[in-house]
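**Q** Sequence:
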Amino acid sequence: MFSRNKPDATPSSPDSTDAPDPVDAAAEIEKAGAPSGKGRPTPKRSVAEAANKRPLVPNDRKAATKAAREKSREQRNLEYRAMQTGDERHLPPRDKGPLKRYARDYVDARWNLGEFFLPVAFLFIVLNFIFMQNVTMSALVLMLLYAVVLITIADAFLLWRGLKKRLLAKFGEVPRGTMMYAVMRAFQIRRSRLPKPSSKKHGVWPE
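Per the UniProt record's numbering, the sequence shown starts with residue 1, numbered consecutively.
Heads up, none of these hints are tricks.
The following label-pair restraints were derived from C-beta to C-beta distances:
#  : residue 1 : residue 2 : range
1  : ARG161    : LYS201    : 20 to 30 angstroms
2  : SER199    : LEU158    : 16 to 26 angstroms
3  : PHE116    : ARG81     : 27 to 37 angstroms
4  : GLN133    : MET180    : 35 to 45 angstroms
5  : LYS201    : MET180    : 18 to 28 angstroms
6  : GLY97     : VAL135    : 47 to 57 angstroms
7  : THR136    : GLY203    : 36 to 46 angstroms
8  : GLY177    : GLN133    : 38 to 48 angstroms
9  : PHE131    : ARG61     : 52 to 62 angstroms
10 : THR65     : ARG161    : 41 to 51 angstroms
11 : LYS170    : LYS201    : 13 to 23 angstroms
12 : VAL126    : ILE151    : 11 to 21 angstroms
13 : ILE189    : PRO93     : 18 to 28 angstroms
It should be emphasised that the hints constitute simulated quantities derived from the structure, not laboratory data. Just so it is clear, CB atoms sit at the ideal spot from N, CA and C, and this is done for glycine as well.
Work out the full structure, taking the sequences as your base and the hints as a guide.
**A** Okay, structure coming up:
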């Protein structure tokens with residue numbers, strides 16, 4: 001009387017609503033395995049991202065190294081021809097620009113003691129071997145060589161002072177490294193200078 005009627009516990013049957021519908025399960029399996037509109041299953045996101053990635057290093061390292069070497073060789077050939085002909089487009093970066101061209105023309109127009117330094121130094125070395133047994137003459141040759149070195153350095157200083165004034169007047173600046181660029185060119189034999197001098201004679205000053 002005071003108790004509630006408990007529902008009859010009936011065993012679950014295959015027709016219960018909690019069990020998956022065999023038809024729906026078969027449809028899901030068929031949907032998962034069925035090819036997409038492109039004729040293949042839809043790939044997962046991780047698979048698609050991996051397929052879109054490109055390797056930073058080419059697979060054929062030997063071929064890539066050979067191609068890079070050929071490109072570098074071609075660039076060097078272009079730069080060398082430009083230094084022979086004065087083609088501004090293909091000159092190396094350290095030789096490009098109107099300021100560097102002006103510095104080269106100034107050095108080439110001037111008679112520099114530095115361009116005679118190597119032949120003179122070689123001559124003094126030969127003299128030193130000749131008078132090696134004579135202490136007095138050997139010391140004299142060495143002192144003369146030191147004197148030539150000092151005079152050449154002084155001439156290079158005068159070169160830079162005159163060039164610096166001209167660069168400031170014409171360009172308003174003197175980039176770092178220009179002094180070494182000009183002095184090193186002045187110490188080279190004129191015929192061996194690269195880029196080649198624009199004039200074959202001394203005394204042709206840049207405007």
